[in-house]
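A.B. asks: Residue strings, one per chain:
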Amino acid sequence: DGGITQSPKYLFRKEGQNVTLSCEQNLNHDAMYWYRQDPGQGLRLIYYSQIVNDFQKGDIAEGYSVSREKKESFPLTVTSAQKNPTAFYLCASSITSVGQSLQETQYFGPGTRLLVL
Amino acid sequence: KQEVTQIPAALSVPEGENLVLNCSFTDSAIYNLQWFRQDPGKGLTSLLLIQSSQREQTSGRLNASLDKSSGRSTLYIAASQPGDSATYLCAVKGYSGAGSYQLTFGKGTKLSVIP
Chain Z
511 DGGITQSPKY
521 LFRKEGQNVT
531 LSCEQNLNHD
541 AMYWYRQDPG
551 QGLRLIYYSQ
561 IVNDFQKGDI
571 AEGYSVSREK
581 KESFPLTVTS
591 AQKNPTAFYL
601 CASSITSVGQ
611 SLQETQYFGP
621 GTRLLVL
Chain U
202 KQEVTQIPAA
212 LSVPEGENLV
222 LNCSFTDSAI
232 YNLQWFRQDP
242 GKGLTSLLLI
252 QSSQREQTSG
262 RLNASLDKSS
272 GRSTLYIAAS
282 QPGDSATYLC
292 AVKGYSGAGS
302 YQLTFGKGTK
312 LSVIP
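Chains as they are written, first to last, in my numbering: chain Z, 511 to 627; chain U, 202 to 316.
Keep in mind the hints are simulated off the structure, nothing from the lab. Treat the hints loosely; a few may be bogus.
To be verified - Only pairs whose alpha carbons sit at most 25 Å apart, straight line, appear in this in silico DSS-like list of lysine-lysine:
| id | chain 1 | residue 1 | chain 2 | residue 2 |
| --- | --- | --- | --- | --- |
| 1 | U | K243 | Z | K581 |
| 2 | U | K202 | Z | K567 |
| 3 | U | K308 | Z | K567 |
| 4 | Z | K567 | Z | K593 |
| 5 | Z | K593 | U | K308 |
| 6 | Z | K519 | U | K243 |
| 7 | U | K308 | Z | K519 |
| 8 | Z | K519 | U | K311 |
| 9 | Z | K581 | Z | K567 |
For reference, chain U alone in the conformation it holds in the complex (with noise of 0.2 Å):
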């Protein structure tokens, strides 16, 4: 079964620097890998989607890398600001069977950005 971890679980960060997310995912059977930004009591925004044939996307400030081999995966968050800080969620899309497809989420980086 996939399994998702993202490091670290909470971050805080003074405006800015720049700063890398990590995900990592154990079956690399995978579609695709979205990183997701999740504000407080809010839904899901998709910020950055990597096919399993690419190796990074580029959004902005934001820079998403695929090492799918190595079931890794990293947001790059250049000069960051405050208006960054929020749940950044990494989600990797295999196979379920039956002709679907489903997202397998990690839990999660919460990003502070002080001013």
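One chain only, chain Z, in its complex shape (with noise of 0.2 Å):
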């Protein structure tokens, strides 16, 4: 089955921690995404990746960190810096981000729930 996997589906951290967010699609797609979901609210684009070895700062860069070493990867690393990591969080990938994909949608992983202890 292709698709995208999150793990784990929980995570807890504690104060100063950095926990990373796991992030795998085998839909041999270049482009992929994370985003935050608080409640109530709409999702925010946190970092996106056009291809590996490279990636863009979103709307809410700050606390985080990226890698791109593989296709088929994109961990999240919420940093310490992250004073309020509370969040949902969901990671995306498309075929591409670029202008001749315009009609491709991105699909989605199932999350993972962040909480601080």
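Please assemble the complex out of the two chains, which come individually in their own frames, going by the hints.
C.D. replies: Printed below as a string of structure tokens:
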């Protein structure tokens, strides 16, 4: 089955701790995205990557870091600099983000809920 | 900066009723508009995607319209069922610079269909 997997489903962070959320896709998509969703809010873009070894900041990148060493994987690290990390984190992918695929939708993973202890 | 607004924030209807969800956006320079469904604690599922040159798209009991010039879209659900209960999100795709395009999301409409 093709799709996007995120792990873990729930993650707990202690004060001052960095935690990493996993996102893997087997859709052979070039572009991958990380969003944050707070209760009653729309999704906000944290980081995105159009191709391996390249990524760009989204609207709320402060306190987060990413890497894109493989096409299939786009892990997100929530650093201790992120003072309000409690949220639902969604990973997505699309064939490409460039203009010739404007009709292409994004496919979403099941999400990871991050809670602070 | 693009802003997307969805009205109402929540809606409760009896089973079998037809209903309309509304979405408005401030910048008409969009490439497409999408409607997504989100079940509690889950990811998003794409329902309909309308290109900027199109006026509407249909899938089963769902019909989405787009009036780009006025910055509005509606999602029409016919003969609603309890299984339609979910949060419906509207998102527009716009150019964000450096050859990339981003989705801007509304906050969603939480729909409850009462048996």
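A.B. asks: Looking back at the numbered hints, which does the structure fail to meet, lowest number first?
C.D. replies: none
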